[in-house]
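Model the full structure from these sequences, guided by the hints.
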Amino acid sequence: MVAFVVGHMLWKSKFVWVLGFLLFFVLQTLAEETPLPEETPFPVVTKKTVIRGFEEGRLVWLLKAEEIQFDKGGNKAFASSGIELEVYDAEGKIRSTLKADAAEIDLLTKTFFFTGSVEVVSQDGERIVTNELVYRDRVKIVETKSFTRVFFDHNYIECTRLYSDIDFHQPEFYGILKGSFRLES
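Counting from 1, position 88 in the sequence shown corresponds to residue 88 in this note's numbering; the numbering is continuous, with no gaps.
If you're looking for bench data, these hints aren't it; they were derived computationally from the structure. Owing to the predicted nature of the structure, the values given are computational and were not obtained by experimental measurement. Do not take every clue at face value.
[What the hints assert, rightly or not] List time: in silico BS3-like cross-link candidates among lysine-lysine, alpha-carbon distance up to 27 Å:
1) K145 - K64
2) K76 - K145
3) K110 - K72
4) K72 - K47
5) K64 - K99
6) K48 - K110
7) K64 - K110
8) K93 - K140
9) K48 - K140
10) K99 - K145
11) K140 - K76
12) K64 - K48
13) K72 - K99
14) K93 - K48
15) K110 - K93
16) K76 - K110
17) K48 - K76
18) K99 - K110
19) K99 - K140
20) K145 - K178
21) K76 - K47
22) K47 - K99
23) K93 - K64
24) K140 - K64
25) K110 - K145
Structure below.
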């Protein structure tokens, strides 16, 4: 009888070990086959998004995009397709509208880097057309270091670099390639 009990306990013990090993093997195999999601710097994605920027309680800019991806902290974003940024004056009127194919946005410094087909149109109808442009909201300045076409006051200039206030009252042109303009005093 003692031999039967000892034999039964040993068989049970081996069965538990074999069952444990099989369970471990199956779980390990499943874990290896299940792909882990890749870590992404932009984990939050929103569709048809509108972001508003305020200073001293008043709306100063409004960004619209088909899709915006935010980083984990919500401080940086990447926008793609259908991007439009409206910049407002103190009375709440649109100073300028910026349109682009893509944009990288630093929401802490309020800096927008537009790429692709970029166009800026001021409230007076002046236009800037380029393929990349930086807008710094804190100082209300646009600048580009790429080929740019500028249309203002019945004038036309092509240049390789531009620096201007957002409503194009004080533009600075660098590397002028060609154009037609006249200066009036």
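What are the numbers of the hints the structure violates, in ascending order? The structure breaks none of the hints.
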